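K.L.:
So the chains spell out like this:
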Amino acid sequence: MQEPVVADTKTSNRELLDFVFAWPAWFFAVGGALNGLLVAAFVVVILMLMFGLQFLGYSHPVYWGFLIVNFVFWIGVSHAGIMVSAILRLTQAEWRRPVTRAAEVLTIFSLLTAVQFPLIHSGRPWRTMYWTFPYDWNRGAWPNPRSPLVWDPSAIFTYLTSTILFVYVALLPDLALARDRAPNPVSRAIYGVLAMGFRGTTRQWRIQTVAGLLLSAIILPIFVSVHSIVSWDFAVTSVPGWHNTIFAPYFVIGAVHSGVSAVVTVMIVMRYAFGLKRFITRDHIDSLARLLIVVATVWLFFFLLDFFFGLYGTEPAEVDTWQRRLVEPPWVVIAITFIICAYIIPVPMWMFRAIRRNFFWMFVTTILVNVGMWLERYMVVVPALERKSGLTFTYGDYAPSLSEFILVAASFALVILGFLTFSKLLPIMPAADIKEGQILADRIRVGRANVPAAMRE
Amino acid sequence: MSSSANEAAARASAVSEMGRTIPTDAEVPHSEGVRWGMVVDLDRCTGCQACVVACQAENNIALNEEQRVLERRAKTWIRIERYWEGEFPNAKARFIPVLCQHCGNAPCETVCPVWATYHNREGLNVQVYNRCIGTRFCANGCPYSVRYFNFWNPEWPEPMNNQLNPDVTVRTKGIIEKCTFCVQRINRAHVTAGTEGREIRPGEVQPACAQSCPTSALVFADLNNPESYPAQLAEAEADRSYTLLEHFGTDPGVIYLKKVDPHAEIHEDEHAHAGAHA
Amino acid sequence: MIAPEAAGLKLSLRPPYRPQALNISLNQAGIALLAALGLLGIVMYVVKLITAWGDRAEWAYPTVVLMFILSTATSAPLIAYASRMAKGYWALPLRRVAALYAAPSLLSFVLLIPIMASLPPLEGRSNLWFGFSAGAPFLTDALALSILLLTGMALLWFSAVPDLAGPPSRVRAMGRWQRLLYLNWTGTARQWKVLRAANLTLGAFYLMGYAFVHMLLSTDLGQSLLPGWRSGIFPVYSAVTGIQAGIAITLLTAALMRRFSPEAGRFLGDEQAAALGKILVAATLMWFYFFWSDFLLIWYARLPSEVAAMQVTVAITYILPFVLTAVLMFALPLGLLIFNKVRQSLSLIAGVSALIVVGILFDRIRFFVAPMANPSPFGHSMETLPAPYWPNALDILFMIGFIGLMFAVFVYAASRIPVLNGWEMRQGSMLRKERTFMKTHVLVIGKPD
Chain A
1 MQEPVVADTK TSNRELLDFV FAWPAWFFAV GGALNGLLVA AFVVVILMLM
51 FGLQFLGYSH PVYWGFLIVN FVFWIGVSHA GIMVSAILRL TQAEWRRPVT
101 RAAEVLTIFS LLTAVQFPLI HSGRPWRTMY WTFPYDWNRG AWPNPRSPLV
151 WDPSAIFTYL TSTILFVYVA LLPDLALARD RAPNPVSRAI YGVLAMGFRG
201 TTRQWRIQTV AGLLLSAIIL PIFVSVHSIV SWDFAVTSVP GWHNTIFAPY
251 FVIGAVHSGV SAVVTVMIVM RYAFGLKRFI TRDHIDSLAR LLIVVATVWL
301 FFFLLDFFFG LYGTEPAEVD TWQRRLVEPP WVVIAITFII CAYIIPVPMW
351 MFRAIRRNFF WMFVTTILVN VGMWLERYMV VVPALERKSG LTFTYGDYAP
401 SLSEFILVAA SFALVILGFL TFSKLLPIMP AADIKEGQIL ADRIRVGRAN
451 VPAAMRE
Chain B
1 MSSSANEAAA RASAVSEMGR TIPTDAEVPH SEGVRWGMVV DLDRCTGCQA
51 CVVACQAENN IALNEEQRVL ERRAKTWIRI ERYWEGEFPN AKARFIPVLC
101 QHCGNAPCET VCPVWATYHN REGLNVQVYN RCIGTRFCAN GCPYSVRYFN
151 FWNPEWPEPM NNQLNPDVTV RTKGIIEKCT FCVQRINRAH VTAGTEGREI
201 RPGEVQPACA QSCPTSALVF ADLNNPESYP AQLAEAEADR SYTLLEHFGT
251 DPGVIYLKKV DPHAEIHEDE HAHAGAHA
Chain C
1 MIAPEAAGLK LSLRPPYRPQ ALNISLNQAG IALLAALGLL GIVMYVVKLI
51 TAWGDRAEWA YPTVVLMFIL STATSAPLIA YASRMAKGYW ALPLRRVAAL
101 YAAPSLLSFV LLIPIMASLP PLEGRSNLWF GFSAGAPFLT DALALSILLL
151 TGMALLWFSA VPDLAGPPSR VRAMGRWQRL LYLNWTGTAR QWKVLRAANL
201 TLGAFYLMGY AFVHMLLSTD LGQSLLPGWR SGIFPVYSAV TGIQAGIAIT
251 LLTAALMRRF SPEAGRFLGD EQAAALGKIL VAATLMWFYF FWSDFLLIWY
301 ARLPSEVAAM QVTVAITYIL PFVLTAVLMF ALPLGLLIFN KVRQSLSLIA
351 GVSALIVVGI LFDRIRFFVA PMANPSPFGH SMETLPAPYW PNALDILFMI
401 GFIGLMFAVF VYAASRIPVL NGWEMRQGSM LRKERTFMKT HVLVIGKPD
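Chains as they are written, first to last, in our numbering: chain A, 1 to 457; chain B, 1 to 278; chain C, 1 to 449.
The hints are simulated quantities; they were obtained by calculation from the structure and are not laboratory data. The model shown is predicted, which means the values in this text are computed figures rather than measured ones. Any given hint could turn out to be false.
What the hints assert, rightly or not - What the simulated footprint calls covered on chain C by chain A, stretch by stretch (three residues with Cβ under 8 Å from a Cβ of chain A suffice, anywhere in the stretch; the number is not a length): (1) 233-243; (2) 291-297; (3) 300-308; (4) 407-419; (5) 435-443.
As the list claims (entries may be wrong) - Capping the alpha-carbon separation at 30 Å, the derived lysine-lysine pairs in DSBU-like fashion look like this: (6) C/K447 <-> A/K435; (7) C/K433 <-> A/K435; (8) A/K435 <-> C/K87.
No residue lacks a Cβ here, since even glycine has one placed at the ideal position from N, Cα and C.
Produce the complete structure using the sequences and hints provided.
P.N.:
Right under this line is the structure:
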């Protein structure tokens with residue numbers, strides 16, 4: 001039942017903007033703890049820059065590991081924002097309204113976090129900057145356009161730019177609202193500049209709406225391309241276990257799976273942390289969970305295709321890789337945990353309406369999904385390298401080091417901190433969008449039933 | 001070995017090699033011109049590892065201490081892979097020296113974002129250390145696992161630093177290195193031949209591994225020159241010759257000759273298990 | 001966009017209920033043409049059965065027809081079920097049109113039997129069965145396909161019963177078996193609830209079955225017969241392009257229906273074209289995405305065995321059908337569909353749809369003829385590229401006849417079952433009202449849970 005939010009404009013404005021102007025004690029506590037983790041990660045990065053990558057668990061021939069897994073994971077999470085915002089905006093799903101901003105902001109910060117990882121993971125990060133920015137015009141030494149590692153930044157930064165634009169366009173009316181309600185002249189001036197003179201004239205609204213719709217449509221192909229290209233980092237090679245044509249859609253749908261789950265987690269945390277009980281309701285979680293059932297099932301199908309077509313050719317190297325992934329001791333635990341967390345527990349649970357509408361269980365299951373999806377990426381990336389070669393002499397092993405655990409933990413800290421900072425400085429709830437939803441909400445009487453309805457634009 | 005003028009010229013040649021426009025696939029003819037390559041006769045290989053040591057000395061490869069080997073970070077541009085065949089007591093050791101195959105269709109070259117590795121006009125798969133940023137994508141793409149990463153700056157304890165080869169760069173941390181077919185020797189031969197106004201003679205260039213091989217299991221030459229011994233060998237022993245992991249279609253520049261074992265049946269698939277696709 | 005017909009709908013569907021009023025009515029010439037084509041199809045099928053039983057290459061073009069039916073007739077009902085699950089109000093009048101294609105898709109089973117009988121044994125070639133020997137692939141594929149087809153028919157029938165049954169008194173007066181056939185439909189609240197649940201769950205099942213059947217057949221009749229062709233994305237490509245063609249054939253049918261059935265045509269219009277048009281654009285982009293994901297990886301990794309297979313289906317052997325596919329399924333449709341004018345007119349979008357429907361035929365030719373006609377399907381890589389296998393006169397007649405038969409069956413089904421889903425449209429019109437908002441008229445859509 002999609003009950004419209006019931007609140008008058010004044011209450012909405014107050015509650016939606018509450019956190020921007022309040023300074024609760026837990027904000028400092030959480031922020032401090034997260035910053036501590038970031039400092040630890042910073043030390044690790046400095047050590048890596050000074051003494052090389054010897055602190056990481058890599059060895060011959062496993063040269064990619066936790067950091068790349070984490071990169072793929074965060075790129076995956078970043079797919080939530082656009083999935084939720086753009087697609088639902090284009091399909092005019094009413095329940096999207098309170099969800100969009102949080103999802104988009106999650107996109108921005110997970111993207112910003114993700115791009116750190118290939119950089120610190122490369123042997124000489126300073127050279128990475130030096131050779132790629134600016135291009136070496138003078139000697140005609142260009143980047144190699146055939147390399148997926150050149151496609152990657154192109155796609156990711158396009159995605160980042162368009163997401164920031166997308167968020168900013170949607171943010172304009174809320175910035176104007178924050179400007180009008182700012183408690184002191186300084187913040188009023190800052191929000192005023194950011195709002196770019198948005199006063200809510202008909203023309204401004206029209207431009208804002210059209211821009212939002214256009215960006216939604218333009219951003220969708222970018223959204224698909226980003227994770228496809230990330231998947232091609234692996235799949236274009238001839239490494240058995242990586243080289244499978246299903247990888248692009250498999251990664252994209254997996255990204256949506258983990259991303260939308262992350263959005264649910266974030267929404268539930270926001271509901272309690274920011275006091276948004278009136279705006280983030282069971283209906284929203286319910287709708288997202290139904291979406292997740294479909295996404296998860298498609299994802300499982302693609303995973304099975306990956307598996308079947310890995311074994312399909314019955315090439316020894318390929319079979320070895322899958323055996324490593326699913327059967328051999330350290331990996332069998334990961335494989336079982338992964339499939340249980342990513343599908344077997346959550347999806348049957350989501351089949352029940354009572355679970356879908358229960359915040360606690362949705363919180364638990366969506367966390368599980370992301371644990372599972374992290375392990376899935378780990379399982380995709382590493383065993384293939386351990387059993388890469390037809391030359392069994394070079395079989396390798398990989399065990400992550402403490403530094404890698406610190407860096408991975410810090411990536412979570414960085415995303416959470418970014419999200420917190422954003423919601424501290426700017427309205428995290430799309431107040432204008434929610435109010436629009438309230439205006440568009442309507443009811444239709446059919447016989448004795450009173451069905452919730454919404455106007456179409 | 002040669003005069004300092006020659007050395008300077010060799011350096012200059014190496015520099016110009018790096019500075020010139022990077023050729024595209026279309027510009028690299030594999031069937032004409034020089035294609036440096038090697039023929040490895042497994043029938044002659046005894047697994048003595050002389051090539052490994054020679055390579056280590058020639059190419060300033062960091063010391064492989066025990067700890068390095070245990071953590072699988074030891075660097076060996078050429079390695080002797082040892083496979084066991086048969087059950088005890090009839091077990092037999094089989095040796096395959098594996099080095100960079102200098103593939104004509106190299107999987108490592110396409111994936112490097114900065115052209116740190118590319119194919120030069122003489123069929124060499126070249127690694128430009130100065131451009132390498134250490135993404136290690138090439139090492140992942142290489143089916144032979146012959147690319148090694150520098151996890152730290154190499155160090156040589158006091159007397160050993162004196163044996164470093166002045167013709168070869170010492171690689172810094174954070175980059176990939178691999179067999180070059182002793183490109184410094186090839187370049188020097190070019191200079192010598194150039195000053196004498198002639199082509200490089202077959203057998204004039206020897207990489208350290210081939211030079212040190214006591215049984216001449218490794219022979220090196222221009223495979224496109226029908227007069228060179230390796231080319232003739234590969235031709236004469238065509239029924240024994242194969243390339244490593246042929247199904248990857250990498251067009252390797254290293255040709256292997258199967259072991260001839262009169263005392264035991266070598267099953268095709270056991271051979272295949274050892275990576276040798278006959 | 002507000003369909004002016006919506007208001008009239010309530011009136012025209014009021015009892016006394018005349019299901020036949022909405023049936024498609026062709027003129028004599030049309031019926032004669034379809035009957036002739038259908039007859040040709042049956043005759044050619046019998047001729048093939050007699051002359052070519054067990055000869056795999058002879059069944060190459062029938063396989064193309066089989067996959068064509070699976071990608072158009074079998075996928076079209078998905079539009080009905082997906083829009084029902086997503087509560088999409090826009091496709092309401094198209095749901096029955098799409099679901100009716102479940103009837104002609106029964107023909108795919110008729111084709112599957114002789115094709116399966118001509119397949120070589122599984123040993124020695126790559127396949128998805130991994131030594132599972134209980135009747136694979138013959139029994140398993142036939143079972144999967146028949147379950148899918150039966151689900152489609154059940155869905156078609158269930159969703160048509162409220163329209164066919166008429167007033168409760170009529171059903172009560174029926175004999176026992178007939179009443180069972182009509183599910184004893186008297187329109188009680190419980191019956192409606194069960195119907196809704198059945199529609200949703202069977203619809204979801206059909207969706208999964210569709211993907212599964214495409215996975216099985218595209219592998220057993222395609223990939224596994226062409227050594228070296230190992231592409232995990234191909235089953236998905238096959239299913240997704242099938243959906244593209246399914247949307248296209250639905251739009252095409254809707255446009256034809258507007259032309260030939262004035263009564264039904266009143267409800268089929270530009271609103272549906274505009275809504276489905278957007279999805280067709282997405283599906284057209286999907287064609288490229290899935291093609292490219294497949295092509296790029298094989299081209300880049302340069303494994304000789306895979307490249308050889310790619311040369312058969314894309315680059316060398318069947319380059320002509322490939323180019324036609326790329327133009328008809330991607331380049332032309334995309335170039336035309338980006339114009340609002342094309343997307344928002346049923347007649348224009350039907351033209352684009354016709355291109356796609358022809359395109360998918362060529363697409364299936366390039367993928368399924370080479371494997372079926374491949375004389376040496378064993379091993380893991382090909383020694384030489386097989387020569388192209390072009391259709392002879394018999395094959396062409398077979399294709400024309402059997403595809404004609406498919407449409408003939410559709411028209412027959414459409415003459416038995418109303419082509420508009422009256423009950424759903426009435427429900428839809430109840431949940432839809434116009435309102436004045438500020439100074440404009442807006443459409444309000446109710447979304448019951």
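K.L.:
Which hint numbers doesn't this structure obey?
P.N.:
4
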